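Colleague: Numbering-wise (this note's numbering), the sequence shown opens with residue 132 and increments by one.
Heads up, a few of these hints could be off.
[Unchecked claim] Label-pair ranges, simulated between beta-carbon atoms:
id	residue 1	residue 2	range
1	Leu-233	Leu-136	33 to 43 Å
2	Leu-136	Arg-220	41 to 51 Å
3	Arg-189	Ser-234	41 to 51 Å
4	Thr-201	Gly-148	49 to 59 Å
5	Val-166	Thr-208	13 to 23 Å
6	Val-225	Thr-196	30 to 40 Å
7	Ser-207	Ser-178	35 to 45 Å
8	Leu-222	Leu-180	18 to 28 Å
Calculated directly from the structure, the hints in this document are not laboratory data.
This structure is a prediction, so every number in the text was calculated from the model and none was measured.
For glycine and all other residues, C-beta sits at the position ideal for the given N, C-alpha and C.
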Amino acid sequence: MAVPLYQAKAEFFRTLGHPVRIRVLELLQNGPTPVRDLLADLDIEASNLSQQLAILRRSNLVIATRDGGTVVYTLSTPDVSELLLAARRILSTVISEQGQLLSELRAGAGEVRA
């Protein structure tokens with residue numbers, strides 16, 4: 132039985148729902164990166180990074196290749212970068228609107244309600 136598209140999308144976004152996985156994807160936007168460099172940029176244990184990379188590999192968001200004894204990761208498609216940029220734009224808009232609402236609430240703090 133086929134999985135409905137909305138369910139596949141939900142699973143996809145669940146995969147993105149971890150800060151380390153998002154940070155790894157952000158780092159990989161700069162190009163192919165050895166695991167040792169990812170580990171140096173992240174403040175996590177090697178075993179945790181390995182688990183997060185395995186999840187990203189299973190979801191086909193990243194590709195692992197060997198260069199001698201070094202494992203190098205790269206984004207599977209430029210669309211991943213575009214998705215991260217879209218998320219940044221959305222968050223920027225949402226946060227901006229929340230900031231405007233907060234300013235309006237603070238400005239009206241002295242209002243008397245009837």
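Colleague: Decide, hint by hint, whether the structure agrees.
Modeller: Hint-by-hint comparison with the structure:
no., hint, result
1, Leu-233 to Leu-136: 33 to 43 Å, "37 Å, holds"
2, Leu-136 to Arg-220: 41 to 51 Å, "24 Å, violated"
3, Arg-189 to Ser-234: 41 to 51 Å, "44 Å, holds"
4, Thr-201 to Gly-148: 49 to 59 Å, "29 Å, violated"
5, Val-166 to Thr-208: 13 to 23 Å, "20 Å, holds"
6, Val-225 to Thr-196: 30 to 40 Å, "37 Å, holds"
7, Ser-207 to Ser-178: 35 to 45 Å, "23 Å, violated"
8, Leu-222 to Leu-180: 18 to 28 Å, "25 Å, holds"
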